[in-house]
Amino acid sequence: MDDSESAAPQGSTEGTPLNASLLFISVFLIAACGLIYELVAGTLASYLLGDSVLQFSTVIGVYLSAMGLGSYLSKFIHRGLAQRFVDLELAVALVGGFSAPILFQAFAHTHAFRPTLYTLVMAVGTLVGLEIPILMRILRHQVKFKDLVAQVLTLDYIGALAASLLFPLLLMPKLGLVRTSLLFGLLNAAVGLWSTFLLKSQLGPLRMTRLRCVVVIAMLGLGLAGAHRFTLAMEEEIFSDEIVYAKDSPYQRIVMTRGRGSFQLFLNGNLQFSSADEYRYHEALVHPTFAVKPGAKRILVCGGGDGLAVREILKHSGVERVVLVDLDPAMTQMATQMPMMRDLNQGALLDPRVKVVNADAMIWIAEDRSEAPFDIAIVDFPDPNAYALGKLYTTRFYKLLKRRLTPDAVVSVQSTSPLMARKSFWCINTTLEAAGFQTRPYHLAVPSFAVWGFVLASPRPFDVPRKTLPDLRHLSDESMTAMFAFPKDMDRVPAEVNRLDNQVLVHLYTSEWKRWS
Amino acid sequence: METVVVKRRTLLSTAAALPLAGLACRRSRRFPFGGELLGPSLDLGHLVRDGALPEPDHFQPIGVLIAGGGIAGLSAAWHFEGAGFRDYLLLEMESEVGGTSRSGQNGVSAYPLAAHYVPAPTKEIGPLVKLLDECGVIEGYDATGEPIFGEQDVVRSPDERIFFHGQWWEGLYLHAGESPEDVRQYQAFFREIDRWVAWKDSKERKAFALPRSKGSDAPEVRALDALSFKAWLDARGFTSERLLWLLDYAVRDDFGSRLDTTSAWAGLFYFAARKQGPGEESRPLLTWPEGNGFLVHHLLKCCRERVRTGHAVTRIEPRADGTVLVTAWNTRENRAVGFLAQRVIFAGPVQMAGRVIPALREARGKAFFEAFPATPWLVANLTLRNRPKEHGFPLAWDNVIRHSAGLGYVVATHQSLRDHGPTVWTYYHALAGPDPKADWLKLAAMDWRACAALVVEDLRKAHPDIEAHIARLDVMRWGHAMIRPRPGLLFSPELELARQPFRNVHFAHSDLSGFALFEEAQDHGIRAAEEVMAFRG
Ligand SMILES: Cc1cc2nc3c(=O)[nH]c(=O)nc-3n(C[C@H](O)[C@H](O)[C@H](O)COP(=O)(O)OP(=O)(O)OC[C@H]3O[C@@H](n4cnc5c(N)ncnc54)[C@H](O)[C@@H]3O)c2cc1C
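Here the protein sequences line up with chains S and R, keeping their order. When we follow this note's numbering, the leftmost residue of the first sequence carries the number 1, and every step to the right adds one. When we follow this note's numbering, the leftmost residue of the second sequence carries the number 1, and every step to the right adds one.
Be aware that a few hints might be false.
Claimed, not checked - Calculated pairs, DSS-like style, for lysine-lysine (alpha carbon to alpha carbon, straight line, at most 27 Å):
no., chain 1, residue 1, chain 2, residue 2
1, S, Lys514, R, Lys200
2, S, Lys399, R, Lys200
3, R, Lys123, R, Lys200
4, R, Lys130, S, Lys247
5, S, Lys75, S, Lys146
6, R, Lys130, S, Lys399
Claimed, not checked - Here are the computed distance ranges between Cβ atoms for each label pair:
no., chain 1, residue 1, chain 2, residue 2, range
7, S, Asp343, R, Pro394, 34 to 40 Å
8, S, Ala359, R, Ala445, 44 to 50 Å
9, S, Arg114, R, Pro394, 55 to 61 Å
10, R, Gly171, S, Pro329, 33 to 39 Å
11, R, Gly171, S, Asp248, 25 to 31 Å
12, R, Pro394, S, Pro339, 33 to 39 Å
13, R, Glu181, S, Ala450, 40 to 46 Å
14, S, Met122, R, Gly177, 54 to 60 Å
15, R, Gly237, S, Asp248, 48 to 54 Å
16, R, Pro32, S, Arg114, 34 to 40 Å
17, R, Glu139, S, Asp248, 36 to 42 Å
18, S, Phe484, R, Pro32, 46 to 52 Å
To be verified - Chain S residues, not near chain R, derived (Cβ > 12 Å throughout):
no., residue
19, Asp360
20, Lys391
21, Leu400
Worth flagging that the hints you see were computed from the coordinates, not collected in a lab. Keep in mind it's a predicted model, so treat the numbers as computed, not measured. For each residue, glycine too, the CB sits at the ideal point set by N, CA and C.
With the sequences and hints as input, model every part of the structure.
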């Protein structure tokens, strides 16, 4: 080593003793930060890409090898070690701190999530790998070598331990990935600023260095404080759970959150399902139709791009063809490609019997000439909170639908909550009747939503279904029949018919749900 | 207060016409999209006027010749066909029939070139009900015999919105922020309308019926035509800016005129004729992606074999023996063709009649034809690649910008239910200035770029990024677009006279009502057809 190693930069007092014990605290902190970034990257990758074992081991592998690279590179740093250390802290603070928001954005808006992930992990790892060697060299004149190694490594491991406990127990549940990574970035930057005091004697012009620290702290602070103004974090506030996926398709904003052992899908801020209880909803949506029309072969699904209704449909062995018409290719792609979703819908949309069409269901049923009549239609649209959705609940839609069905076909229609939006629910039922359907409304509890309602309908008279498949999670023969009884507070109320030219349902729905929010 | 408000308003309106002039001369900017500048064939107008055309070598005998294939001419033909009468021919100078109810079509959607809706008729408007039934728009009739309309043909909700203070609001009249006085006046105005809706004369005729020929001509009703809508409103103390804006918008939109250039009769007609009974909502509107082109297509289907497009009638000469010599210019083959007709139905504008019927011009005198001024219109069809971002109430069928000289835009894909992706918007601008002739000269002098600039500048108020979404912008300039129901015209001797047959030439055009509406054009077409058939037995 050359002698510039210990030589203080111009103008500072040679050999001023450093406060070694305070510097050891830095070791503890930077070790914790380093591990947090690694955990953030690993968790994020396994959320978004699935297969957590693979994601965690590749992230850890890349991260550790990058640290090795960093340690190796440290030998090329000769001069101004203290200055380099502060710079290093600021670099880690920025790259590590912003890693989670960057990764979410990359996933939602680019096709380069993996390259971004591994580049970031490489970068953070390399920078973190540089930290300890440089800090040890700064301290090597203050502390005996054997003590130095012992102390630094001990604190390094303790820091890692602290981080690995804090992360799952406190940080993830309370802060979520985005704020955790920003917070630890802030901690890294704080270490940098603090070091300008501890290493004052070895540093050049202090003013500039501190200014830089302050700027970085301000950036991260702003990120953290303004986090709720960022779209992502804004939704975290609304959604209360952490966002693991967010994408603006041309049609809607798709957001997936994860928390409390389950994950949830939101379209334009409205919950579509929670993995904890969606089986109740989808079993109730699908199986009553088969109970009325056993042996149905050709099934039409309108909406339902998540593939969960199709999963239930495919449990009926007689099914030969399922056509799913969903507006948004982003939604059906997510259902086929995103591991979390594919696991939940059991790859339903990849089944050879299933054809996925991306189109406005109303226009498709009016214009398509390629498909023969269907035995069953499952109508699973988002709630009618906008005119573009309200049209899918009109007499016109149901009349067009009827033309695509066999004469004794059965339809089930998701119809919002008969408890929270009683008039809306009965408006849908009344509209189906006005379009020439016989109806049998029913409901069940889906805890994530509320009490939820559906209307079973057919152009021909039919009885309340009594039998269902044996191995369902919620529905049994008894509970199936029970769904069709309405307690007093949800019972039928008079309602207007929802037509294209009045769209009464959108008005009813918005006013009824307003009372609950 | 009121005069100040209105003075400022008229001032504003005059100012609104200025950019037109400015744009016409200014070096216009470049746009990242193209388009066409269409217009009624201006050359044909000249052709007719100059009259220096070769004579046809032969005059083909024919029972009835219909000159003009707008709604009036087509309705006459439709009526003939319904009566089993086929000894007629219809000549239309443009390459397509329909006149101001024509439509266009591109890969994204069909769209109107002008007229875009009719109010859903009650059973009283028999001919329109019959036509709509033939078109498959009527699904059945209720117990009282009233037609039930197919849901897909009634304007889909939301029908209207207005851009005001940086965002869109539901409806045309902005209720948000109105003062108690605004509310009082609004209610008072519509009470007054309801009074007229309920009014019947001694012959049980309504004051305002559709078509107007079914309405009353009692002195109280005629008196309304003597004053302007503005004078009528002034006299009743209507000063609410919001209300006056709404009424001014209504007459600009339907008649191409302003409060002070519209007959009070016409102003009240607009609101009262659309209501079946007092206190009821206005009749729902029927519309199609191609607007009233939908009805044109059906009418044409009924009489296609006897329709000749690209035939401009240049001369009509009634002869002493009662026959009529008709000369037309075949614009495709560039040659003159002649007909010897028993009767003629002239279904073009009154002013055009004066040009092609020299005997009529002589008999009526020049001043007669000056009594029929028409508002020029600019209609642009914007094909959009995608929907621009916007704020507030969602896209409706009719979208109006409050502070604009234009009338806003109608969304052609609204009825076809396409709520995402490419669409066509039809933008309307009536040149409702005090001097229609001067306005037309200005409009005729504008090139495509100047027209596009006018449209884009206006839409930018509500959609700052509109330009980026436009794939093409086609402009239609209408010279004689709409007769203007100025005070005094509607019960004038000129209008009365214009409806009278002239030496075996019968007249059918919306001009003859004093305002342009489908029902009026249809009424005149059927009336003229009946006049002719009565004569022939
Ligand atoms: C911008 C605009 C919007 C409108 N919107 C509506 C609406 O929404 N609803 C509604 O009811 N009405 C609307 N109108 C009114 C519309 O004009 C009438 O509904 C109707 O189309 C008028 O028909 P017409 O036959 O009386 O006249 P025109 O449409 O003027 O038809 C006359 C026809 O005669 C032809 N012609 C003229 N001279 C000759 C000649 N010498 N030889 C051969 N052919 C000749 C012309 O080319 C034309 O085709 C609108 C008008 C405009 C301009």
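For each hint, the structure was consulted:
1. Restraint check: the Cα-Cα separation between Lys514(S) and Lys200(R) comes to about 46 Å, which exceeds 27 Å; the hinted pair is violated.
2. At most 27 Å may separate the alpha-carbon atoms for a hinted pair to count; Lys399(S) and Lys200(R) exceed this at roughly 41 Å.
3. Of the supplied pair hints, the one linking Lys123(R) and Lys200(R) holds, its CA atoms being roughly 18 Å apart against a limit of 27 Å.
4. Taken as a hint, the Lys130(R) and Lys247(S) pair is broken in the structure, with Cα atoms around 52 Å apart against an allowance of 27 Å.
5. Taking the CA atoms of Lys75(S) and Lys146(S), the gap is near 20 Å; set against the 27 Å cutoff, the hint holds.
6. Using a Cα cut-off of 27 Å, the hinted pair Lys130(R) and Lys399(S) holds, with the two alpha carbons roughly 25 Å apart.
7. Evaluation of the 34 to 40 Å hint for Asp343(S) and Pro394(R) yields a pass: the beta carbon distance comes to about 36 Å.
8. One distance hint, 44 to 50 Å for the beta-carbon pair Ala359(S) and Ala445(R), holds here, with the actual separation near 46 Å.
9. Separated by about 38 Å at the C-beta atoms, Arg114(S) and Pro394(R) break the suggested range of 55 to 61 Å.
10. A hinted range of 33 to 39 Å for the beta carbons of Gly171(R) and Pro329(S) is consistent with their spacing of about 35 Å.
11. Here the CB-CB span from Gly171(R) to Asp248(S) is close to 30 Å, well matched to the stated 25 to 31 Å.
12. Take Pro394(R) and Pro339(S): their Cβ atoms lie about 36 Å apart, and the range 33 to 39 Å holds.
13. Evaluation of the 40 to 46 Å hint for Glu181(R) and Ala450(S) yields a pass: the beta carbon distance comes to about 45 Å.
14. For the pair Met122(S) and Gly177(R), the supplied restraint of 54 to 60 Å holds, since their beta-carbon distance comes to about 58 Å.
15. For Gly237(R) and Asp248(S), the Cβ-Cβ distance of about 52 Å falls inside the hinted range of 48 to 54 Å, so the restraint holds.
16. One distance hint, 34 to 40 Å for the beta-carbon pair Pro32(R) and Arg114(S), holds here, with the actual separation near 36 Å.
17. Checking the proposed 36 to 42 Å range against Glu139(R) and Asp248(S) shows it holds: the Cβ atoms sit about 41 Å from each other.
18. Between Phe484(S) and Pro32(R) the beta carbon distance is about 59 Å. The supplied range of 46 to 52 Å is therefore violated.
19. Asp360(S), annotated as away from the interface, has a beta carbon of chain R within 12 Å; the closest lies near 7 Å.
20. A cut-off of 12 Å between C-beta atoms contradicts the statement that Lys391(S) is not in contact with chain R; the least separation is 6 Å.
21. Separation of Leu400(S) from chain R is inadequate, the least Cβ-Cβ distance of about 9 Å not exceeding the 12 Å criterion.
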